[in-house]
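Spelled out, the chains give:
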Amino acid sequence: MSAPLGAALRAEWIKLRSVRSTYITVGIALLLGLGIGLLDVISTVHNWSGMNAADRASFDPVGNTFSGFQFGELAFGALGVLAISTEYGTDLIRTTLVTVPSRRLLYTAKVLVLSVFALIVCETCAFSAFLLGQAVLSHRNLDVGLAHGHVLRAVGFAGLYMMVVTMVGFGLGAIIRHTAGAIAAMVAIVFLAWPAARAVESFSSLPDRMLLINAADALTATHPATGLHTERIPSFGFACLDLIVYLAVFLGIAAWRFTRDA
Amino acid sequence: MTITCDQLTKRFGSVTAVSQLSFEVLPGRVTGFLGPNGAGKSTTMRMVLGLDTPTAGRALVCGRPYRSLQRPLRMVGALLDAGAVHPGRTARDHLGWMAATADLPSRRIDEALDRTGLAAVATKRVRDFSLGMRQRLGIASALLGDPPVLMLDEPVNGLDPEGIVWIRTLMRSLATDGRTVLVSSHLMSEMALTADHLIVIGRGRVLADTGMDDFIATNAKGDVLVRTPRRDELAGVLTRAGGAVQVESVDTLAVEGLALEAISEIAAENGVRVLELSGRTASLEQAYLALTQDATEFQSRTLEATA
Numbered sequence: 001m002s003a004p005l006g007a008a009l010r011a012e013w014i015k016l017r018s019v020r021s022t023y024i025t026v027g028i029a030l031l032l033g034l035g036i037g038l039l040d041v042i043s044t045v046h047n048w049s050g051m052n053a054a055d056r057a058s059f060d061p062v063g064n065t066f067s068g069f070q071f072g073e074l075a076f077g078a079l080g081v082l083a084i085s086t087e088y089g090t091d092l093i094r095t096t097l098v099t100v101p102s103r104r105l106l107y108t109a110k111v112l113v114l115s116v117f118a119l120i121v122c123e124t125c126a127f128s129a130f131l132l133g134q135a136v137l138s139h140r141n142l143d144v145g146l147a148h149g150h151v152l153r154a155v156g157f158a159g160l161y162m163m164v165v166t167m168v169g170f171g172l173g174a175i176i177r178h179t180a181g182a183i184a185a186m187v188a189i190v191f192l193a194w195p196a197a198r199a200v201e202s203f204s205s206l207p208d209r210m211l212l213i214n215a216a217d218a219l220t221a222t223h224p225a226t227g228l229h230t231e232r233i234p235s236f237g238f239a240c241l242d243l244i245v246y247l248a249v250f251l252g253i254a255a256w257r258f259t260r261d262a
Numbered sequence: 263m264t265i266t267c268d269q270l271t272k273r274f275g276s277v278t279a280v281s282q283l284s285f286e287v288l289p290g291r292v293t294g295f296l297g298p299n300g301a302g303k304s305t306t307m308r309m310v311l312g313l314d315t316p317t318a319g320r321a322l323v324c325g326r327p328y329r330s331l332q333r334p335l336r337m338v339g340a341l342l343d344a345g346a347v348h349p350g351r352t353a354r355d356h357l358g359w360m361a362a363t364a365d366l367p368s369r370r371i372d373e374a375l376d377r378t379g380l381a382a383v384a385t386k387r388v389r390d391f392s393l394g395m396r397q398r399l400g401i402a403s404a405l406l407g408d409p410p411v412l413m414l415d416e417p418v419n420g421l422d423p424e425g426i427v428w429i430r431t432l433m434r435s436l437a438t439d440g441r442t443v444l445v446s447s448h449l450m451s452e453m454a455l456t457a458d459h460l461i462v463i464g465r466g467r468v469l470a471d472t473g474m475d476d477f478i479a480t481n482a483k484g485d486v487l488v489r490t491p492r493r494d495e496l497a498g499v500l501t502r503a504g505g506a507v508q509v510e511s512v513d514t515l516a517v518e519g520l521a522l523e524a525i526s527e528i529a530a531e532n533g534v535r536v537l538e539l540s541g542r543t544a545s546l547e548q549a550y551l552a553l554t555q556d557a558t559e560f561q562s563r564t565l566e567a568t569a
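Note that the protein sequences, when read in sequence, are chains A and B. In this text, residue positions in the first sequence follow our numbering: the first is 1, and each later residue adds one. In this text, residue positions in the second sequence follow our numbering: the first is 263, and each later residue adds one.
Chain A extracted, bound-state conformation:
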């Protein structure tokens, strides 16, 4: 089993790095993920003297650097979808299945290659955004170090969260097998599901705590949530569980569908 897995991993890696969409989506994620965070931080430094005490107190030197991350997540989610949906769109999947006939082996290779690639790029993105932002904030001595409080945890999970979004996109791509449909579903599930949770809030706030965007807030926060509607934000542990559940559900259904037919 080990030799074929190695071969399948190499093949999937060649596939991922030999199409332009990989470079475009990663490029957009880095550009917007880093760029918008940087603009936000520069604007804070610029306006700091005019800000009132309450605004200054609520300033989050870590969260501020991640202002562009929703764009990054969107781009990585699209990368995840495209990594599999284009195989169906171009019929390449038939060539792939003839070349690697074991569905389980093929699916394992695809998931491993994409998740490791996404994790490395997403963590690079998160740490670059953080370090760039702190360099700017240091002009007003507003910066924090990685060793401070939950800062390292927050930065690390910002990258990990983006990887999870990539894999949710991949799962949806493998389930729906159509690029536009899978991207629409990914946007709905990752970014737009909150009104559904709000609608049932009078019964339970559990759906709120199960939303990916609220999990992201909990995972990248350096202080416990304050203010209104803190019940919507899951605890750190619950948010970790959210990530695991999303990965298990979408990659699980995708694996079931992938191994059932051609």
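Just so you know, the hints here were simulated from the structure itself, not pulled from any lab data. It is possible that part of the hints are untrue.
Derived CB-CB ranges, DEER-like [as the list claims (entries may be wrong)]: (1) Glu-424/B / Arg-17/A: 32 to 40 Å; (2) Ser-392/B / Ile-213/A: 43 to 51 Å; (3) Arg-104/A / Val-468/B: 27 to 35 Å; (4) Ile-24/A / His-448/B: 39 to 47 Å; (5) Val-187/A / Glu-424/B: 32 to 40 Å; (6) Arg-17/A / Leu-455/B: 40 to 48 Å; (7) Leu-288/B / Arg-104/A: 28 to 36 Å.
Derived list of chain B stretches under chain A, where covered just means 3 residues or more per stretch with a C-beta under 8 Å from a C-beta of chain A [to be verified]: (8) 319-325; (9) 518-525.
One side of the interface only, derived from the structure: several residues of chain B facing chain A at Cβ under 7 Å [to be verified]: (10) Leu-311; (11) Ala-340; (12) Arg-351; (13) Trp-359; (14) Met-360; (15) Gly-473; (16) Gly-484.
Where a beta carbon is used, it is the ideal one built from N, C-alpha and C, also for glycine.
Got chain A; can you put chain B on it based on the hints?
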């Protein structure tokens, strides 16, 4: 090194695409795989390659189910659909990922590109390829692992005349090497030049599994061409002698059911001068059409209303 189908059956809902198909494709010769549209050729090939699961029966390659092969590229080279390629990838990268699945050295990629005449466009994206170039890329991927078994579905599709001669020579030489070559095509004249053996299916069943010459001799009779200045007169006496006579042109008749010698004798007895007398063997196309007439799923409507 054979392809074996044993009672292979595939049903899609209530439609039976392939019904208890049993045949064996042997090495050392080119086997033509023929049948009308909807006869089940593609479904059979898909099942052999593990893309579809048989409802019953089994398909084996070199004695094993395809899906159990560890590095199938080294065992079977398949050309199913030349369009099944990502258009944004270069030819070299496409062959590159395929080679990686079977641990093939990159030298093999160069050889496959050279052999199919694609070396000059190796770093071009497949998007910019013509149909013929895509077809060559599909053949390059089939040859990549130097496999003992080849399955080619409509390989001449989109090739120019030079390309058609090339693929014909290639298939013949692969068979001469002792490889098993199964090729499907609707081009009968091409098949007649390439295949040694034929497997013909219709409505999901094997109609014939025989050598090329036997197939033609069994399924279509030849006729005799007679050229004479007294066409109608000769047609009359030949018909009375039991021949089936058809007018081919102003001075030519096509006669079935009478031997060449008999026609010559009858003409001499009746004092009819004959300018030309020659026997014609039936073509593969005639034999194929005669055999599959009843088994054609989507028969084109004859123009009865206007006839």
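Here is what the structure says about each hint:
1. Taking 32 to 40 Å as the suggested C-beta distance range, the pair Glu-424/B and Arg-17/A conforms, at roughly 35 Å.
2. Between Ser-392/B and Ile-213/A the beta carbon distance is about 48 Å. The supplied range of 43 to 51 Å therefore holds.
3. Between Arg-104/A and Val-468/B the Cβ separation comes to about 34 Å, which falls inside the hinted range of 27 to 35 Å.
4. For the pair Ile-24/A and His-448/B, the beta carbons lie near 41 Å from each other, so the given range of 39 to 47 Å is met.
5. Judged by the Cβ atoms, the range 32 to 40 Å given for Val-187/A and Glu-424/B is violated: they are separated by roughly 50 Å.
6. Separated by about 43 Å at the C-beta atoms, Arg-17/A and Leu-455/B satisfy the suggested range of 40 to 48 Å.
7. The hinted window of 28 to 36 Å between Leu-288/B and Arg-104/A holds, with their beta carbons roughly 33 Å apart.
8. Only residues whose beta carbon comes within less than 8 Å of a beta carbon in chain A count, and the segment 319-325 of chain B has 0; fewer than three means the coverage is violated.
9. Using a Cβ-Cβ cut-off of 8 Å, 0 residues of the segment 518-525 of chain B lie near chain A, which falls short of the minimum of three, so the contact claim is violated.
10. For Leu-311/B, the interface hint holds, the least distance from its beta-carbon to any beta-carbon of chain A being 5 Å, beneath 7 Å.
11. Evaluation of the Ala-340/B hint against chain A yields a held restraint, the C-beta minimum of about 5 Å falling below 7 Å.
12. Below 7 Å, beta-carbon pairs count as interface contacts, and Arg-351/B has one with chain A at about 5 Å; its hint therefore holds.
13. Hint status for Trp-359/B: holds, given a least beta-carbon distance of 4 Å to chain A, under 7 Å.
14. Taken as an interface hint, Met-360/B checks out: its beta carbon lies about 5 Å from the nearest beta carbon of chain A, inside 7 Å.
15. For Gly-473/B, the interface hint is violated, the least distance from its beta-carbon to any beta-carbon of chain A being 30 Å, above 7 Å.
16. At a threshold of 7 Å, the smallest CB-CB gap from Gly-484/B to chain A is about 42 Å, leaving the interface hint violated.
Comparing the model with each earlier hint shows violations of hints 5, 8, 9, 15, 16; every other hint is respected.
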